[in-house]
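There are 2 protein chains.
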Amino acid sequence: MKKLINKPEDVLADALKGVAAAHPELRVDHQHRVIYRAEPKADGKVALISGGGSGHEPLHGGFVGPGMLDAACCGEVFTSPTPDQMVGATTVVDRGAGVLHIVKNYTGDVMNFEMAGELVADSGVRVETIVTDDDVAVEDSTWTAGRRGVGVTVLLEKIVGAAAEEGQDLDAVLALSRRVNGQGRSMGMALTSCTVPAAGKPTFELPEDQMEMGVGIHGEPGRHRVPIAGAAEIAERLVEPVLADLQFGGSPGIVMLSGLGGTPLLELYLLFGEVAPLLEKAGVQVVRSLVGNYITSLDMAGASLTVLKADDELVRLWDAPVRTAGLRWGV
Amino acid sequence: MKKLINKPEDVLADALKGVAAAHPELRVDHQHRVIYRAEPKADGKVALISGGGSGHEPLHGGFVGPGMLDAACCGEVFTSPTPDQMVGATTVVDRGAGVLHIVKNYTGDVMNFEMAGELVADSGVRVETIVTDDDVAVEDSTWTAGRRGVGVTVLLEKIVGAAAEEGQDLDAVLALSRRVNGQGRSMGMALTSCTVPAAGKPTFELPEDQMEMGVGIHGEPGRHRVPIAGAAEIAERLVEPVLADLQFGGSPGIVMLSGLGGTPLLELYLLFGEVAPLLEKAGVQVVRSLVGNYITSLDMAGASLTVLKADDELVRLWDAPVRTAGLRWGV
Numbered sequence: 001m002k003k004l005i006n007k008p009e010d011v012l013a014d015a016l017k018g019v020a021a022a023h024p025e026l027r028v029d030h031q032h033r034v035i036y037r038a039e040p041k042a043d044g045k046v047a048l049i050s051g052g053g054s055g056h057e058p059l060h061g062g063f064v065g066p067g068m069l070d071a072a073c074c075g076e077v078f079t080s081p082t083p084d085q086m087v088g089a090t091t092v093v094d095r096g097a098g099v100l101h102i103v104k105n106y107t108g109d110v111m112n113f114e115m116a117g118e119l120v121a122d123s124g125v126r127v128e129t130i131v132t133d134d135d136v137a138v139e140d141s142t143w144t145a146g147r148r149g150v151g152v153t154v155l156l157e158k159i160v161g162a163a164a165e166e167g168q169d170l171d172a173v174l175a176l177s178r179r180v181n182g183q184g185r186s187m188g189m190a191l192t193s194c195t196v197p198a199a200g201k202p203t204f205e206l207p208e209d210q211m212e213m214g215v216g217i218h219g220e221p222g223r224h225r226v227p228i229a230g231a232a233e234i235a236e237r238l239v240e241p242v243l244a245d246l247q248f249g250g251s252p253g254i255v256m257l258s259g260l261g262g263t264p265l266l267e268l269y270l271l272f273g274e275v276a277p278l279l280e281k282a283g284v285q286v287v288r289s290l291v292g293n294y295i296t297s298l299d300m301a302g303a304s305l306t307v308l309k310a311d312d313e314l315v316r317l318w319d320a321p322v323r324t325a326g327l328r329w330g331v
Numbered sequence: 001m002k003k004l005i006n007k008p009e010d011v012l013a014d015a016l017k018g019v020a021a022a023h024p025e026l027r028v029d030h031q032h033r034v035i036y037r038a039e040p041k042a043d044g045k046v047a048l049i050s051g052g053g054s055g056h057e058p059l060h061g062g063f064v065g066p067g068m069l070d071a072a073c074c075g076e077v078f079t080s081p082t083p084d085q086m087v088g089a090t091t092v093v094d095r096g097a098g099v100l101h102i103v104k105n106y107t108g109d110v111m112n113f114e115m116a117g118e119l120v121a122d123s124g125v126r127v128e129t130i131v132t133d134d135d136v137a138v139e140d141s142t143w144t145a146g147r148r149g150v151g152v153t154v155l156l157e158k159i160v161g162a163a164a165e166e167g168q169d170l171d172a173v174l175a176l177s178r179r180v181n182g183q184g185r186s187m188g189m190a191l192t193s194c195t196v197p198a199a200g201k202p203t204f205e206l207p208e209d210q211m212e213m214g215v216g217i218h219g220e221p222g223r224h225r226v227p228i229a230g231a232a233e234i235a236e237r238l239v240e241p242v243l244a245d246l247q248f249g250g251s252p253g254i255v256m257l258s259g260l261g262g263t264p265l266l267e268l269y270l271l272f273g274e275v276a277p278l279l280e281k282a283g284v285q286v287v288r289s290l291v292g293n294y295i296t297s298l299d300m301a302g303a304s305l306t307v308l309k310a311d312d313e314l315v316r317l318w319d320a321p322v323r324t325a326g327l328r329w330g331v
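So the protein lines, in turn, are chains W and D.
Going by the UniProt record's numbering, the first sequence opens with residue 1, and the numbers climb by one from there.
Going by the UniProt record's numbering, the second sequence opens with residue 1, and the numbers climb by one from there.
One or more of the hints may lead you astray.
It does not matter which identical chain is meant; a pair holds if it fits inside one copy or across any two.
When the alpha-carbon atoms are kept at most 35 Å apart in a straight line, the in silico DSBU-like pairs for lysine-lysine are as follows [unchecked claim]:
1) LYS201 x LYS2
2) LYS17 x LYS7
3) LYS41 x LYS281
4) LYS2 x LYS281
5) LYS41 x LYS17
6) LYS2 x LYS17
7) LYS7 x LYS281
8) LYS281 x LYS17
9) LYS7 x LYS201
Please keep in mind that the hints were generated in silico from the structure rather than gathered at the bench.
Work out the full structure: start from the sequences and follow the hints.
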């Protein structure tokens, strides 16, 4: 295993030291492994918390800051954070206007956030939860009942974060989060496995002449293994199931093509050059896009496509200022 | 070879289609493979051009935009762009105040930019050139006489770009670029080779238990191969030669830890968590930092450290607004 780490069991703790050193605008609670905004809180703002296993960086810690999350709970690599992390974070960030928990649909995350919500309810903090489930690849998977939550989580954190920042209340923020999740679809593919530090070897074996379509962000199996193909064909295999799952025609689309951690930007742009015309041809107007590493799977080579059916309001919230390590504009 | 590409010979042309699709704020001249800002030019601004082989993304195309470059000339993967690309770009971006060519010290790039400068001189455009050479790893290398130009190029494009944007003239911009290059030092290391698409196999072989210290951004050999070590020791081996090469003590430092393309952000933060305290201990105040993929080597796993000895003026220019695909803040 070739990685820039010390001991496998210290990966998260060590990485959080680096986050703290690189980002004075964040406050890292090393004991509880929670990343907060450092600046004083505005009263009356709905707070947004997300979290999940580490290994998907910049998700979620890289999306903490004005215009997105108030806090991110960091689990060990590919492991859910614990309810006490979530309870602590929720209590700290509440400004009296309630807290939205943004949870990717994985069994451990859903269960732990649910438990945290119940624990916090006793203390009078109002908590609502959105569970994202945008991955069209499989209906159930290794670690989920129902579809997996993947790329739409990034877009949701941005859009709903903007709504919270401009003062929308918890009901409005919750409704918006449901709308975004309902209108977003994703599909991923892998050229290689990832290697979890604690395991020390690739999660799965993928022969040199094959790729995995519909792979999950932890290396869970996808739809099928197929012979490796060129970018044009890969683009079709990503776009087709996304378009087949939701009526996008004629709508503006916010599109993200995220690398999985081991794929260089040159290849991501190349693939986006194939994806964008396919979407346009199908009537999706690509009005905003992100190409880069936004939701990753450690060192996996591959990419995931997320398309959000947008409208003027969603685009306005997308364009609102954001200042995080992973996304920044307008400030 | 597992890559998100079509034909190896079309990688650059195909990737530029994706850049154009993703960035309406850029204008891509597909015929000449030059990326420009799309917005109208301000008169009297010194123009900044850079360029080089592709495969180092986001360098340089990702740094075109307000506050950084006016144009980037894109060569084939790891191959210098041609003089005619540079002449075309220089002529297009000149606003009567002259043009600065920012060139990484590699034989092909230096020769071609020199030729372009001579060709353009006849047409009355004033061109000055800064050749960056910040890599402390080796004094001469496979493709250079003198030190290689690497990470400081990113910091220079940002800082000098800000100076040009605020109206400094060509003499001032050139002097500033020399100062930045002279005060910046870099050192890189690789865990794996990269694979050039046209070659179809790794540039070099690196056994599972070894790493290459001082590797170049094209996979050129570095100082030595050593047994693979933990992040703490790798940090020492990056920091030590940088500090040994320039007296940093007591100065503020702008620090970049760049991935080489195949290393996930989690590991980069982890390594930065080791690097930052070593720098602080040596008297470098880490006042600004970048952790992520900024100057890469295709899919190589590894990282490079760049430290710039700064002062209030350089920090002020660093903080000035920038709006590019690769760096964005303040707007």
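Hint by hint, here is what the structure shows:
no.	hint	verdict
1	LYS201 x LYS2	both (10 Å within a copy, 19 Å between copies)
2	LYS17 x LYS7	within (14 Å within a copy, 42 Å between copies)
3	LYS41 x LYS281	between (45 Å within a copy, 33 Å between copies)
4	LYS2 x LYS281	between (42 Å within a copy, 28 Å between copies)
5	LYS41 x LYS17	within (23 Å within a copy, 43 Å between copies)
6	LYS2 x LYS17	both (21 Å within a copy, 34 Å between copies)
7	LYS7 x LYS281	between (49 Å within a copy, 23 Å between copies)
8	LYS281 x LYS17	between (46 Å within a copy, 16 Å between copies)
9	LYS7 x LYS201	both (15 Å within a copy, 31 Å between copies)
Hint compliance for this structure: no hint is broken.
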